[in-house]
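One line per chain: the protein sequences are G and D, in this order. Quick note: the first sequence, position 273, residue 273 per this note's numbering, numbers continuous. Quick note: the second sequence, position 32, residue 32 per this note's numbering, numbers continuous.
Calculated from the structure, these hints are not laboratory results. Keep in mind the model is a prediction, meaning the values are calculated, not measured. Please note that a few of the clues may not be correct.
Unchecked claim - Below, in silico cross-link-like pairs of lysine-lysine (DSSO-like), each with a Cα-Cα straight-line distance of 30 Å or less:
{"no.": "1", "chain 1": "G", "residue 1": "K251", "chain 2": "G", "residue 2": "K532"}
{"no.": "2", "chain 1": "D", "residue 1": "K29", "chain 2": "G", "residue 2": "K229"}
{"no.": "3", "chain 1": "G", "residue 1": "K434", "chain 2": "G", "residue 2": "K584"}
{"no.": "4", "chain 1": "G", "residue 1": "K479", "chain 2": "G", "residue 2": "K317"}
{"no.": "5", "chain 1": "G", "residue 1": "K251", "chain 2": "G", "residue 2": "K59"}
{"no.": "6", "chain 1": "G", "residue 1": "K442", "chain 2": "D", "residue 2": "K29"}
{"no.": "7", "chain 1": "D", "residue 1": "K29", "chain 2": "G", "residue 2": "K434"}
{"no.": "8", "chain 1": "G", "residue 1": "K317", "chain 2": "G", "residue 2": "K434"}
{"no.": "9", "chain 1": "G", "residue 1": "K251", "chain 2": "G", "residue 2": "K479"}
{"no.": "10", "chain 1": "G", "residue 1": "K229", "chain 2": "G", "residue 2": "K584"}
{"no.": "11", "chain 1": "G", "residue 1": "K584", "chain 2": "G", "residue 2": "K696"}
{"no.": "12", "chain 1": "G", "residue 1": "K122", "chain 2": "G", "residue 2": "K707"}
{"no.": "13", "chain 1": "G", "residue 1": "K317", "chain 2": "G", "residue 2": "K101"}
{"no.": "14", "chain 1": "G", "residue 1": "K696", "chain 2": "D", "residue 2": "K151"}
{"no.": "15", "chain 1": "D", "residue 1": "K151", "chain 2": "G", "residue 2": "K251"}
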Amino acid sequence: MGKLRTLTRRTFLVGSSAVAGGVAFGVYRAKAPFENPNLAELPEGAASFNPWVIIDAEKITLIAPHADKGQGVFSAQAALIAEELDIELDQVEISFGTPDKAYMNGALTAAMVPFPQYDYGKVAEGARRFVGGVVRAALPIMGTGGSSAMPDSYDKLREAGAVARETLKAAASQQAGVPIEDLRTENGAVWLPDGTALTYTSLAATAAQIEPVTNVALRDPSQWRILGKPMERVDIVAKSTGTLPYGIDYKTEGMLFATVKVNPRQGGALISFDATAALAMDGITDVFEITGGIAVVANNTWTAIHAANAVTCEWRKATYPPEQDAHWAALSASFTDDRLNAEARNVGDVDAALGAEVIAEYRSPYVAHAPLEPLNATILVSDDRVDVWTGHQLQMFAVDMVAEITGMDGDNVHLHNQFIGGSFGHRLEFDYLKQAAEIAVKMRGTPVKMTYSREEDFAHDFPRHITMGRGIGKHENGKVTALDVQIAGQSVMTSQMSRMGFSLPGPDTQLHEGAWDYPNLNLPNIRVRSYKETGLAPVSSWRSVGAAPNGFIYDTLLDETIHAAGADPLMERIRLMGHEVSVKVLETVGEMCGWNGHDLGTGRGRGVAYVFSFGVPVATVVEVTQTDRGIRLDEVWVAADVGQVIDPVNLENLAQGGTLFGLGHAMNCEITYSDGMAQQSNYHDHEAMRLYQAPKVNFTALENNPKIKGFGEPPVPPAAPALGNAIFAATGQRIRELPFNKHIDFV
Amino acid sequence: MQASFTVNGTVRSVDVPEDMPLLWILRDKIGLMGTKYGCGIAQCGACTVHLDGIAVRSCQVRAYELDGAEITTIEGLGTPDTPHPVQEAWIETQVAQCGYCQSGQIMQAVSMLSDNPSPSDDEIDDVMSGNLCRCGTYPRIREAVRLAIQKQGA
Numbered sequence: 001m002g003k004l005r006t007l008t009r010r011t012f013l014v015g016s017s018a019v020a021g022g023v024a025f026g027v028y029r030a031k032a033p034f035e036n037p038n039l040a041e042l043p044e045g046a047a048s049f050n051p052w053v054i055i056d057a058e059k060i061t062l063i064a065p066h067a068d069k070g071q072g073v074f075s076a077q078a079a080l081i082a083e084e085l086d087i088e089l090d091q092v093e094i095s096f097g098t099p100d101k102a103y104m105n106g107a108l109t110a111a112m113v114p115f116p117q118y119d120y121g122k123v124a125e126g127a128r129r130f131v132g133g134v135v136r137a138a139l140p141i142m143g144t145g146g147s148s149a150m151p152d153s154y155d156k157l158r159e160a161g162a163v164a165r166e167t168l169k170a171a172a173s174q175q176a177g178v179p180i181e182d183l184r185t186e187n188g189a190v191w192l193p194d195g196t197a198l199t200y201t202s203l204a205a206t207a208a209q210i211e212p213v214t215n216v217a218l219r220d221p222s223q224w225r226i227l228g229k230p231m232e233r234v235d236i237v238a239k240s241t242g243t244l245p246y247g248i249d250y251k252t253e254g255m256l257f258a259t260v261k262v263n264p265r266q267g268g269a270l271i272s273f274d275a276t277a278a279l280a281m282d283g284i285t286d287v288f289e290i291t292g293g294i295a296v297v298a299n300n301t302w303t304a305i306h307a308a309n310a311v312t313c314e315w316r317k318a319t320y321p322p323e324q325d326a327h328w329a330a331l332s333a334s335f336t337d338d339r340l341n342a343e344a345r346n347v348g349d350v351d352a353a354l355g356a357e358v359i360a361e362y363r364s365p366y367v368a369h370a371p372l373e374p375l376n377a378t379i380l381v382s383d384d385r386v387d388v389w390t391g392h393q394l395q396m397f398a399v400d401m402v403a404e405i406t407g408m409d410g411d412n413v414h415l416h417n418q419f420i421g422g423s424f425g426h427r428l429e430f431d432y433l434k435q436a437a438e439i440a441v442k443m444r445g446t447p448v449k450m451t452y453s454r455e456e457d458f459a460h461d462f463p464r465h466i467t468m469g470r471g472i473g474k475h476e477n478g479k480v481t482a483l484d485v486q487i488a489g490q491s492v493m494t495s496q497m498s499r500m501g502f503s504l505p506g507p508d509t510q511l512h513e514g515a516w517d518y519p520n521l522n523l524p525n526i527r528v529r530s531y532k533e534t535g536l537a538p539v540s541s542w543r544s545v546g547a548a549p550n551g552f553i554y555d556t557l558l559d560e561t562i563h564a565a566g567a568d569p570l571m572e573r574i575r576l577m578g579h580e581v582s583v584k585v586l587e588t589v590g591e592m593c594g595w596n597g598h599d600l601g602t603g604r605g606r607g608v609a610y611v612f613s614f615g616v617p618v619a620t621v622v623e624v625t626q627t628d629r630g631i632r633l634d635e636v637w638v639a640a641d642v643g644q645v646i647d648p649v650n651l652e653n654l655a656q657g658g659t660l661f662g663l664g665h666a667m668n669c670e671i672t673y674s675d676g677m678a679q680q681s682n683y684h685d686h687e688a689m690r691l692y693q694a695p696k697v698n699f700t701a702l703e704n705n706p707k708i709k710g711f712g713e714p715p716v717p718p719a720a721p722a723l724g725n726a727i728f729a730a731t732g733q734r735i736r737e738l739p740f741n742k743h744i745d746f747v
Numbered sequence: 001m002q003a004s005f006t007v008n009g010t011v012r013s014v015d016v017p018e019d020m021p022l023l024w025i026l027r028d029k030i031g032l033m034g035t036k037y038g039c040g041i042a043q044c045g046a047c048t049v050h051l052d053g054i055a056v057r058s059c060q061v062r063a064y065e066l067d068g069a070e071i072t073t074i075e076g077l078g079t080p081d082t083p084h085p086v087q088e089a090w091i092e093t094q095v096a097q098c099g100y101c102q103s104g105q106i107m108q109a110v111s112m113l114s115d116n117p118s119p120s121d122d123e124i125d126d127v128m129s130g131n132l133c134r135c136g137t138y139p140r141i142r143e144a145v146r147l148a149i150q151k152q153g154a
């Protein structure tokens with residue numbers, strides 16, 4: 001790799017002989033300043049047309065660099081390539097590839113410009129291109145998050161497939177002496193007019209030697225074979241037979257097992273520890289200090305966890321307030337000019353607007369990520385290289401972190417990205433990886449798998465940021481006339497970026513995302529201001545980030561004002577909207593559920609909510625019944641516009657799952673601190689949704705959005721306000737604090 | 001202690017601490033990785049296996065309880081080429097997102113259907129609610145169980 005990286009771009013482009021039998025082709029070469037990482041170790045006779053396609057005499061490999069934590073992007077990336085390459089997914093191998101800036105995410109910057117994502121105007125799009133270019137040059141980030149994988153991959157991977165296809169046709173033309181116009185591709189082969197099939201693998205050696213085809217056109221969606229139609233995810237059989245290896249399942253010869261116990265008062269140091277009892281246990285290899293705590297190495301994971309529990313530690317205090325009440329008090333005192341994060345939106349004059357007032361205060365708590373696969377990493381530090389087996393969403397940063405701790409050059413740190421058993425944002429964090437690296441340095445020469453206990457996962461999570469909202473809604477003559485929304489929150493971006501060594505340049509947009517860009521274009525008076533707190537518990541991106549708390553605050557205030565005005569919750573939202581794509585989403589959800597008002601008679605009611613996040617408008621209707629034992633969730637309807645559906649099956653699964661994720665946490669989940677420690681330790685006291693509580697979720701996808709959007713996060717934010725609005729419709733009780741079960745029981 | 005028991009039809013004898021949970025014996029001693037660790041306190045069901053034909057949380061079964069036991073794990077149920085009918089239903093319904101809980105879900109569903117081949121919707125909810133799915137695939141789990149009922153009845 002070292003030699004290749006020292007080649008200049010020019011040398012690389014013309015010097016095919018310099019890269020050991022492979023050449024780079026096509027639009028990738030024309031557009032990308034980055035080297036194709038596959039060329040470094042490409043054997044003679046193999047071709048890699050771009051960073052995403054490698055073909056040799058034996059097999060075809062597609063690189064799917066986005067991390068898959070359950071959202072199905074492994075499959076979807078391969079499908080984008082396969083569509084244009086004219087190959088079936090059971091004919092290829094798919095790999096997560098090697099972390100490299102060639103795989104930079106070009107869609108992460110969409111949210112970095114001060115234009116709402118429903119604005120596709122010239123100025124907004126120009127700003128996005130400019131910022132995209134700056135980031136690409138300054139800090140190309142390979143990463144998966146922010147529902148960006150599909151926007152990032154959609155054109156790029158189809159082009160990768162098309163370039164490979166056309167180049168293979170050129171190779172076949174040369175090999176068979178048949179004009180390219182007379183050739184067609186199907187099922188992993190180039191077909192000659194006489195019916196002879198030349199498989200792609202048989203063409204690899206020739207393709208590696210010829211001048212690439214650079215001018216390719218992408219097929220119109222009406223011609224698609226795979227995309228847009230129900231697919232079978234490539235991982236579905238393995239995940240249904242227990243044969244898919246996750247990071248936690250990695251095993252190798254001579255491996256030892258470890259766990260850690262770090263200061264549960266986040267960020268606090270270790271003063272001293274006593275491992276006498278732990279070291280006396282059978283199967284213990286070692287107990288030693290790491291940053292902020294201790295590590296235990298043993299001959300199995302259970303013994304390591306068991307022993308860690310037997311180590312007594314003396315901890316320093318946390319740097320944030322030890323008791324939960326003080327966190328709320330701090331937020332309550334944050335609505336001041338000197339804490340102003342941004343006046344994100346100010347239209348009309350909310351102060352002068354006429355109308356009766358609704359005044360309300362809302363609370364959204366800390367919430368744990370708690371993905372079902374506990375955080376883990378296996379690391380082997382050898383003399384000349386480090387190997388890391390883990391699943392991470394920020395692969396290049398992960399390499400850098402391990403390089404720093406092991407003292408190894410980044411080129412010699414090899415991250416083998418693994419399937420992830422859920423993340424919800426937790427696999428954007430690095431502590432577990434750094435701890436595993438510290439252990440591996442100490443155990444040099446021995447591969448060590450470090451696994452968090454569930455209790456450690458809860459104690460050491462960086463939860464969803466805590467948020468408080470204050471709002472004034474005004475209404476007159478049965479119509480909403482003004483909304484004044486103020487949001488104060490612990491700054492999630494400041495906290496998260498500090499752990500990556502960055503300071504946040506400018507305001508934290510996540511403190512108003514989902515509120516400032518709620519496209520109520522027909523509302524004459526609207527102001528959204530956010531206030532930043534940084535002294536509370538360390539927090540991190542939690543599925544949909546700011547849009548979940550902010551959507552709850554904004555949409556609930558809107559609902560309260562609509563009810564006070566005596567208007568219909570759905571019809572008034574439609575009237576205020578003005579954004580056509582979103583109007584259709586609201587109308588669709590109304591048609592789906594046969595909306596006929598929020599009141600369904602005694603003890604039954606419907607709530608509607610809408611949130612725009614990650615470029616996707618989503619409307620959700622929840623129907624509930626008040627029973628003797630509490631609220632029962634009867635049925636849910638969700639409509640969303642993702643611009644272009646890639647796999648309707650997976651999209652529906654994400655809509656159902658994201659909605660239930662949003663509902664479950666709104667019902668019964670919060671992390672609270674006492675003595676500086678999270679009081680919740682496992683799923684019994686942070687349960688979210690179980691099957692008996694899960695309502696039927698109906699879903700309709702629309703495709704009016706001008707661009708393709710991702711859908712991992714957008715179903716989450718409207719779920720909580722829709723449920724709260726439904727509870728109000730059924731009971732008359734307005735709950736302004738999450739989780740709802742602090743105020744009402746659920747069946 | 002030396003614990004001898006059968007796993008997926010093969011007799012195993014392992015030298016382990018007497019209170020070591022079956023979950024970790026399977027994963028770290030025998031190397032069967034399909035059974036998952038999620039919580040360690042019987043709250044998530046990801047570690048569900050069959051002990052003498054009955055679904056149990058393997059994080060709660062200790063080595064000293066294993067002598068002579070017959071254990072079936074997800075690997076013993078079916079394979080990618082020859083899946084169990086319940087696994088077929090899971091595949092056709094495309095239940096999994098992250099998939100980490102699904103070994104346990106499937107083992108629980110198979111056990112339920114062997115006790116009661118045609119459970120009602122409420123019975124499905126009762127039996128399957130001990131298995132947590134963080135991704136929220138519950139609607140598809142219900143659908144897959146109903147499909148499995150059809151398949152096994154057919």
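Hint check:
1. G:K251 x G:K532: Violated - the C-alpha atoms of K532 of chain G and K251 of chain G are around 45 Å apart, more than 30 Å.
2. D:K29 x G:K229: 43 Å, violated
3. G:K434 x G:K584: Violated, because 47 Å separates the two Cα atoms, which is more than 30 Å.
4. G:K479 x G:K317: 52 Å, violated
5. G:K251 x G:K59: It holds: about 26 Å lies between the C-alpha atoms, which stays within 30 Å.
6. G:K442 x D:K29: Roughly 24 Å separates the two Cα atoms, so the pair holds.
7. D:K29 x G:K434: 27 Å, holds
8. G:K317 x G:K434: Answer holds: K317 of chain G to K434 of chain G is near 22 Å, not above 30 Å.
9. G:K251 x G:K479: Given pair K251 of chain G, K479 of chain G is violated - Cα atoms ~63 Å apart, limit 30 Å.
10. G:K229 x G:K584: 23 Å, holds
11. G:K584 x G:K696: 22 Å, holds
12. G:K122 x G:K707: Holds, at about 14 Å.
13. G:K317 x G:K101: Roughly 40 Å separates the two Cα atoms, so the pair is violated.
14. G:K696 x D:K151: Judged against 30 Å, a Cα distance of about 23 Å means the pair holds.
15. D:K151 x G:K251: 36 Å, violated
This entry does not satisfy hints 1, 2, 3, 4, 9, 13 and 15, going by the numbered hints stated previously.
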